[in-house]
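**Student:** Line by line, the protein sequences are chains Y and U.
Note that the numbering used here has the first sequence beginning at 1458, numbered continuously upward.
Note that the numbering used here has the second sequence beginning at 223, numbered continuously upward.
These are calculated hints, taken from the structure and not from any lab test.
One thing to keep in mind: the hints can contain errors.
Said to hold, decoys possible - With a straight-line cut-off of 25 Å between C-alpha atoms, the simulated DSS-like cross-links for lysine-lysine are:
#  : chain 1 : residue 1 : chain 2 : residue 2
1  : U       : K270      : U       : K239
2  : Y       : K1869     : Y       : K1885
3  : Y       : K1573     : Y       : K1908
4  : Y       : K1607     : U       : K347
5  : Y       : K1869     : Y       : K1773
6  : Y       : K1607     : Y       : K1544
7  : Y       : K1573     : Y       : K1787
8  : Y       : K1596     : U       : K347
9  : Y       : K1908     : U       : K517
10 : Y       : K1773     : Y       : K1607
11 : Y       : K1885     : U       : K347
12 : Y       : K1607     : Y       : K1596
As the list claims (entries may be wrong) - Ranges between beta-carbon positions, derived for each pair:
#  : chain 1 : residue 1 : chain 2 : residue 2 : range
13 : U       : T519      : Y       : A1770     : 23 to 33 Å
14 : U       : P325      : Y       : K1596     : 39 to 49 Å
15 : Y       : A1801     : U       : K239      : 45 to 55 Å
Predicted model, so just to flag it, every value in this text is computed and none were measured.
Ideal Cβ positions, reconstructed from N, Cα and C, are used throughout, including at glycine.
Residue strings, one per chain:
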Amino acid sequence: MPTGFEYAPAPESPAVVDIASSYGLFIGGDFVDPSDGASFKTLNPATGEALSDVSEGSAADVDAAVRAARRAYDRVWGPMSGAERGKYLFRIARILQERAREFAVLETLDNGKPIKESRDVDIPLAAAHFFYHAGWADKLEYAGLGNAGKPAPLGVIGQVIPWNFPLLMLSWKIAPALAAGNTVVLKPAETTPLTALLFAQVCQQADLPPGVVNIVTGAGETGHALSSHPDIDKIAFTGSTDVGKQIARSVAGTRKRLTLELGGKGANIVYDDAALDQAVEGIVSGIYFNQGHVCCAGSRLLVQESIADDVIARLKRRLGTLRVGDPMDKNTDVGAINSAEQLARITALVEAGEAEGATRWSPPCDLPDRGYWFAPTVFTNVSQAHRVAQEEIFGPVLSVLTFRTPAEAVAKANNTPYGLSAGIWSDKGSRVLWTADRLRAGVVWANSFNKFDPTSPFGGYKESGYGREGGRHGLEAYVAAGSED
Amino acid sequence: MARVDVRKTYKLYIGGKFPRSESGRSYEVVSQGRSPAFLANAAQGSRKDVRDAVVAARGAVAGWSGATAYNRGQVLYRVAEVAEGRRDQFVADVAAAEGVTRPRAERLVDAAIDRWVWYAGWPDKLAQVLGNLNPVAGPYLNISAPEPTGVVGILAPQRSSLLGLISVIAPAIVSGNTVVVLASEERPLPAITLSEVLATSDVPGGVVNIITGRTAELAPWLASHQDVNAIDLTGAAFAQGVDWAALEASAADSVKRVLRPAGTGTDAIEPDFTPTPSLRRVRAFLETKTVWHPKGT
Chain Y
1458 MPTGFEYAPA PESPAVVDIA SSYGLFIGGD FVDPSDGASF KTLNPATGEA
1508 LSDVSEGSAA DVDAAVRAAR RAYDRVWGPM SGAERGKYLF RIARILQERA
1558 REFAVLETLD NGKPIKESRD VDIPLAAAHF FYHAGWADKL EYAGLGNAGK
1608 PAPLGVIGQV IPWNFPLLML SWKIAPALAA GNTVVLKPAE TTPLTALLFA
1658 QVCQQADLPP GVVNIVTGAG ETGHALSSHP DIDKIAFTGS TDVGKQIARS
1708 VAGTRKRLTL ELGGKGANIV YDDAALDQAV EGIVSGIYFN QGHVCCAGSR
1758 LLVQESIADD VIARLKRRLG TLRVGDPMDK NTDVGAINSA EQLARITALV
1808 EAGEAEGATR WSPPCDLPDR GYWFAPTVFT NVSQAHRVAQ EEIFGPVLSV
1858 LTFRTPAEAV AKANNTPYGL SAGIWSDKGS RVLWTADRLR AGVVWANSFN
1908 KFDPTSPFGG YKESGYGREG GRHGLEAYVA AGSED
Chain U
223 MARVDVRKTY KLYIGGKFPR SESGRSYEVV SQGRSPAFLA NAAQGSRKDV
273 RDAVVAARGA VAGWSGATAY NRGQVLYRVA EVAEGRRDQF VADVAAAEGV
323 TRPRAERLVD AAIDRWVWYA GWPDKLAQVL GNLNPVAGPY LNISAPEPTG
373 VVGILAPQRS SLLGLISVIA PAIVSGNTVV VLASEERPLP AITLSEVLAT
423 SDVPGGVVNI ITGRTAELAP WLASHQDVNA IDLTGAAFAQ GVDWAALEAS
473 AADSVKRVLR PAGTGTDAIE PDFTPTPSLR RVRAFLETKT VWHPKGT
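So here's chain Y without its partners, still in its complex pose:
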């Protein structure tokens, strides 16, 4: 029933970005056709319509890209002073800021995330990552890596990134690699290649020397060709734990370095003395931000038993106000699921949750009749053994568990193979710090959730991977180790 307070549609214009009907691979500073001419379509997940034809890089294309990167490393980028490298990174940061609207629109079209998130989170953070790392390029000896001698780059870096934050993950990978003096070959996710290809144009615009950044689009095969290429010195991977394990096996016995940012099943712990309305906001942003396509999402709510009913009631009331729909609408909170495949995965896990006896709830909401959608979902009556409490769903699905004592909260929070993120909500500082100490997670947000910053290291414990990205600690992944002992 209309209340008179509905938001009128506020669509962002797609006219600010030109999408070519097809794209080549970005190798050696130029867009080139793939060697075997293969291509695939990238879709707008909100409509299911094709946006463009993108090249499918073969092993030969990957090899050409690695050779271009090696050449650029040996001749130009490696020998260049840190100060000069830094200037290129500053240029890129500025261009990203100048073209932010274009990038935000393109990201939302290709990924399905709400424009307000790509506009206010993804693109500004991506630019900030280049800005932050630009300043490291001539200051690496201050990074405190404990190496003997001057910090040195590793060489050619192979990077494989996921579809949930396409440009942001690109910047997390490329900015520190270039700052340290490495050159890169990056493979974007097959469902979200367009902002990486637009970034390639930014590299051209910044006059970045050819071959320093190479972008090879494709799917798993292309990624495999990259991670198994013998002339790669280091692999940086963000994605699923299964693929991470495969890559770790493939580098075994080589001297290739590896960092992995894998899955998570983050616990969001709400104590009975928490500021409940703030906590509910944190729970919502923890799991419904970016449709829950976040490896560090707070997908398990651990709420103290005495306040569980109250919190769940407030949460349901709040979810009733979430606007699900057209990602290009500036009022939209929850956009489209990235692909049909991902939608099927979410659906299957949610059905398993129901089959195992958990109680499923979603606010009433109309979903668009085309594209890929999943309503924000909450599971209550969840036990620790349920799949929805153990497996990463990577969608807008929250599992609620309860606890009685702080020790029980910690035990349950740590009870998955993952260890990426966690949240703690309490007014009592000593309890927050006590809990934070005991959580086996790389990022702990106290009275907050899903905060990111280029100066702040991010990465997991246990099967959430190894290595950190961002901050002083993230640089370690791209700088030579120095003495052996």
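Keeping the supplied structure of chain Y fixed, place chain U upon it in accordance with the hints.
**Tutor:** Showing chain U alone in chain Y's frame:
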């Protein structure tokens, strides 16, 4: 008439106790050098012994990592004190194990005890050297601090029987990890003596567990064990029948942190343990936890 010496029965060191191998097996240890002589029968540990040691190490993680850094430093320094008192025994062990002269063995033992002292000074400095406040663009207190990764499996160096052994154990435990160590297969006696030192100092049982036996037989169980968080493959170099690539590959199944052996390409060599180390070995078994908290009124 010459006195009949009292020979020792060598056992494993698990959970602060000295059990025999559950397998009942032992193997002959002989001296290195030109004329090998029988030294002892060492316990030949089994898969089950490795698993028991991992259980003991896991059980000790909470107490050891939860102790204050000051306390860990005190406990580690106490080990050096006890080791110093056993200096002559270590010298004899090292001379026999490595087939070196007594003066050379003395230098190695002194370096080993000094190395332990060097690490004893690290627990209460690591967080300052490896952690920091992050200047995030927003009203948050945001701190990154190192934490131990948990249980670390260690293939001890095959040749450097004491200096090398201490150079791999100490950096793993300074931060609060606990370890399961496969001693040098052919030169295990200094490791057994070290376990006696650990048992009579203040190191809680289970923090260091030492298994003697065949490296090639035991290492795969350690590398594939789901409850071992990290593995140090230093001792893959010069170990009979050990393929470090295969160990690293099986470590991938649990996303185990791997410290590769020294060397280039597929080679594995034993590094020179003489120079003062960097923090590389300490860092290899650390996680970084970043905690955010809002600032406001």
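**Student:** Indicate, hint by hint, whether the structure satisfies it.
**Tutor:** Here is what the structure says about each hint:
1. K270/U - K239/U: Holds, at about 16 Å.
2. K1869/Y - K1885/Y: Judged against 25 Å, a Cα distance of about 20 Å means the pair holds.
3. K1573/Y - K1908/Y: 16 Å, holds
4. K1607/Y - K347/U: Holds, at about 23 Å.
5. K1869/Y - K1773/Y: Holds: K1869/Y and K1773/Y sit about 23 Å apart, inside 25 Å.
6. K1607/Y - K1544/Y: With Cα atoms ~21 Å apart, K1607/Y and K1544/Y stay inside 25 Å; holds.
7. K1573/Y - K1787/Y: Between K1573/Y and K1787/Y the Cα gap is close to 6 Å, so the pair holds against 25 Å.
8. K1596/Y - K347/U: 23 Å, holds
9. K1908/Y - K517/U: OK: K1908/Y and K517/U at ~13 Å, within 25 Å.
10. K1773/Y - K1607/Y: 56 Å, violated
11. K1885/Y - K347/U: Cα-Cα ~28 Å, so violated.
12. K1607/Y - K1596/Y: Answer holds: K1607/Y to K1596/Y is near 11 Å, not above 25 Å.
13. T519/U - A1770/Y: 23 to 33 Å: 29 Å, holds
14. P325/U - K1596/Y: 39 to 49 Å: Given range 39 to 49 Å: holds, Cβ gap about 47 Å.
15. A1801/Y - K239/U: 45 to 55 Å: Holds - the Cβ-Cβ distance for A1801/Y and K239/U, about 53 Å, lies within 45 to 55 Å.
Checked against the numbered hints listed earlier, the structure breaks hints 10, 11; every other hint is satisfied.
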